[in-house]
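Here's the letter readout for the chains.
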Amino acid sequence: MPMLHTVNKSPFERRTLDTALRHAVKGSAILLIEDGVYAAFDGTVVADKVKAALSDHKIYVLGPDVAARGMSEHHVIDGIDVVDYGGFVDLVTEYDKVQSWL
Amino acid sequence: MKLSVLVNEGPYQHQSADSAIQFTKAALEKGHEVYRVFFYHDGVNNGTRFAVPPQDDRNITHEWSSLAKEHGLDLVVCIAAAQRRGILDENEAKRQGKDGDNIAEGFRISGLGQLIEAGIQSDRLVIFGD
Numbered sequence: 001m002p003m004l005h006t007v008n009k010s011p012f013e014r015r016t017l018d019t020a021l022r023h024a025v026k027g028s029a030i031l032l033i034e035d036g037v038y039a040a041f042d043g044t045v046v047a048d049k050v051k052a053a054l055s056d057h058k059i060y061v062l063g064p065d066v067a068a069r070g071m072s073e074h075h076v077i078d079g080i081d082v083v084d085y086g087g088f089v090d091l092v093t094e095y096d097k098v099q100s101w102l
Numbered sequence: 001m002k003l004s005v006l007v008n009e010g011p012y013q014h015q016s017a018d019s020a021i022q023f024t025k026a027a028l029e030k031g032h033e034v035y036r037v038f039f040y041h042d043g044v045n046n047g048t049r050f051a052v053p054p055q056d057d058r059n060i061t062h063e064w065s066s067l068a069k070e071h072g073l074d075l076v077v078c079i080a081a082a083q084r085r086g087i088l089d090e091n092e093a094k095r096q097g098k099d100g101d102n103i104a105e106g107f108r109i110s111g112l113g114q115l116i117e118a119g120i121q122s123d124r125l126v127i128f129g130d
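Chains as they are written, first to last, in the working numbering: chain X, 1 to 102; chain C, 1 to 130.
Honestly, the hints are just simulated from the structure, not real lab data.
Each residue gets a CB set at the ideal place from its N, CA and C atoms; glycine is no exception.
Hints may contain errors.
[As the list claims (entries may be wrong)] Below, in silico cross-link-like pairs of lysine-lysine (PhoX-like), each with a Cα-Cα straight-line distance of 25 angstroms or less:
no. : chain 1 : residue 1 : chain 2 : residue 2
1   : C       : K94       : C       : K25
2   : C       : K25       : X       : K97
3   : X       : K97       : C       : K69
4   : X       : K51       : X       : K26
5   : X       : K58       : X       : K26
6   : C       : K69       : C       : K30
7   : X       : K58       : C       : K30
8   : C       : K25       : C       : K2
9   : C       : K69       : C       : K2
10  : X       : K97       : X       : K58
11  : X       : K97       : X       : K51
12  : C       : K2        : X       : K97
[To be verified] Here's a subset of chain X near chain C, in silico, CB distances under 8 angstroms, partners left out:
no. : residue
13  : I33
14  : G86
15  : T93
16  : S100
17  : L102
[As the list claims (entries may be wrong)] Each pair of labels, with its calculated beta carbon distance range:
no. : chain 1 : residue 1 : chain 2 : residue 2 : range
18  : C       : G97       : X       : M3        : 44 to 50 angstroms
19  : X       : R14       : C       : N59       : 25 to 31 angstroms
20  : X       : M3        : C       : Y12       : 27 to 33 angstroms
21  : C       : I120      : X       : T93       : 15 to 21 angstroms
22  : C       : I120      : X       : F12       : 35 to 41 angstroms
23  : C       : E92       : X       : D48       : 49 to 55 angstroms
24  : C       : G111      : X       : H23       : 29 to 35 angstroms
25  : C       : A80       : X       : R69       : 33 to 39 angstroms
26  : X       : M3        : C       : L112      : 22 to 28 angstroms
27  : C       : A93       : X       : F12       : 42 to 48 angstroms
28  : C       : G113      : X       : S55       : 40 to 46 angstroms
All chains should be modelled from the sequences, with the hints used to inform the complete structure.
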């Protein structure tokens, strides 16, 4: 069942993004929050994997957490949507279930 | 929609307590009902009124308390997790023979059944933690 997966740890620190991508069925949404936002930036060693995941999943990143890390939305991979906390709430209501990968 | 939130992290670990409160505020602003916020594990440290952060720092406990006041939020602290970490209300302090209590305004101490019930009663349960 397509659902919302949130990832809150950097892909350079934990494997939760990999786990989320492995479990997420086609059509699921991945929301990157907190240190998870590092997966959304272009030019990193995980960027190709994230770009490949965009063909099966919608990927979102929390804008305030991007800004809090001194990064700008220009660094975000094309195809990843930047949302605010209101957008986070909308995603939670749009999908039937939320899985937080901690 | 009816939402509940689970907070598994204290205010000074990573970012999850902040994320949880921002999410809760956004949900209320959008007109959703927040049925319950449950604090578990180190998340119970959100509920002590004895923490005194510097004045230019955010005070998460105050923010939860004022959200509770404004929106009638049900803020529930897990009793077993709270006892381990020295979070007590008046009844618990009396029961455990302690000389004072420190639960913050708007919070109450109860059991894990409250989390299960929140999961059953709510359309969504959103988890914030480490």
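Against the structure, the hints come out as follows:
no., hint, result
1, C:K94 x C:K25, "violated (34 angstroms)"
2, C:K25 x X:K97, "holds (20 angstroms)"
3, X:K97 x C:K69, "violated (29 angstroms)"
4, X:K51 x X:K26, "holds (15 angstroms)"
5, X:K58 x X:K26, "holds (9 angstroms)"
6, C:K69 x C:K30, "holds (18 angstroms)"
7, X:K58 x C:K30, "holds (23 angstroms)"
8, C:K25 x C:K2, "holds (14 angstroms)"
9, C:K69 x C:K2, "holds (19 angstroms)"
10, X:K97 x X:K58, "holds (15 angstroms)"
11, X:K97 x X:K51, "holds (24 angstroms)"
12, C:K2 x X:K97, "holds (13 angstroms)"
13, I33, "holds (6 angstroms)"
14, G86, "holds (5 angstroms)"
15, T93, "holds (5 angstroms)"
16, S100, "holds (4 angstroms)"
17, L102, "holds (5 angstroms)"
18, C:G97 x X:M3: 44 to 50 angstroms, "holds (47 angstroms)"
19, X:R14 x C:N59: 25 to 31 angstroms, "holds (29 angstroms)"
20, X:M3 x C:Y12: 27 to 33 angstroms, "holds (31 angstroms)"
21, C:I120 x X:T93: 15 to 21 angstroms, "holds (18 angstroms)"
22, C:I120 x X:F12: 35 to 41 angstroms, "holds (38 angstroms)"
23, C:E92 x X:D48: 49 to 55 angstroms, "holds (53 angstroms)"
24, C:G111 x X:H23: 29 to 35 angstroms, "holds (31 angstroms)"
25, C:A80 x X:R69: 33 to 39 angstroms, "holds (35 angstroms)"
26, X:M3 x C:L112: 22 to 28 angstroms, "holds (24 angstroms)"
27, C:A93 x X:F12: 42 to 48 angstroms, "holds (44 angstroms)"
28, C:G113 x X:S55: 40 to 46 angstroms, "holds (43 angstroms)"
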